[in-house]
Every structure is written in structure tokens, then in C-alpha cells.
Amino acid sequence: MKSFILLENVVFYAYHGVQPHETTVGNEFVINLKLEVNLTDAAQSDSLEDTVSYADIYNDVKEQMQIPSKLLEHVAYRIVRCLKQKYKKIEHVEIKLSKRNPPMGAQLDCASVVLID
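Be aware that the sequence shown starts at 1, since it is given in full-length UniProt numbering, and climbs by one per residue.
These are calculated hints, taken from the structure and not from any lab test.
As the structure is a prediction and not an experimental result, all values here were calculated from the model.
Among the hints, erroneous ones may be present.
The following label-pair restraints were derived from C-beta to C-beta distances [to be verified]: (1) 24 with 106: 15 to 25 angstroms; (2) 86 with 3: 17 to 27 angstroms; (3) 11 with 94: 15 to 25 angstroms.
Just so it is clear, CB atoms sit at the ideal spot from N, CA and C, and this is done for glycine as well.
With these hints in hand, go ahead and build the complete structure from the sequences.
Have a look at this one:
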């Protein structure tokens, strides 16, 4: 049976972007994260040691979001790499990183990248 931990619509204010003003003014970013983790042991034991703490995951993502980057692709890659290296129980990661109202002269809610590992 496949099992997942999800962090949905996590909002951060950060300073990612190619344009100089994006790294000064900043913007809102939204992350949706899907972690494939075998939750069988945790479901039976009711023990945090048998799973991955979503609070810890949030803190790691927050830390990565605080590092300015030009590209969303780079930020998403860093997050995936960090999580996979730190939490051996994570089998696969899917991340959607969205920049709200990107400065590109178009009316749209978000520009997003999705990485699946």
C-alpha cells in the first residue's frame, strides 16, 4: 500500500526572482509537497520515530525558502535534495512551487514549477 505525507498550500514570503526588484521587494510563494513514506509502522505503533515529522519537514522547507535564488526550479531542487538527504524514510518527493502574481505583465494567479523525484 502506498502512503503519503502532504503539506498543502504552505505560504512563504521570500525573495526569489530574476529581476533585481524581486530580490528586494519579495513576493508570496506557495508550496504543495507530497512525500511518499511507508507509514505502516507508524500506523501500528503510534510513534513519531516510525514516521517523518511534518513539523520538521516544514522547518527544513522554510530554511530553504529563506535562501534567495533566481529560479523557482533551483529552490524546488534544493528542497527536494535536502529532504531526500535528511530523511531516509522518504521514498519519493513531489513539489509544486508557485510564485503568486509574478511580475511578467500578464494577469495570472501564479507561475509554478513541479519537480518529481
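Tested hints:
Hint check: residue 24 to residue 106, Cβ distance near 22 angstroms, so the stated range 15 to 25 angstroms holds. Range check, residue 86 to residue 3: Cβ separation about 19 angstroms, and the 17 to 27 angstroms hint holds. A hinted range of 15 to 25 angstroms for the beta carbons of residue 11 and residue 94 is consistent with their spacing of about 18 angstroms.
The structure meets every hint from the earlier list without exception.
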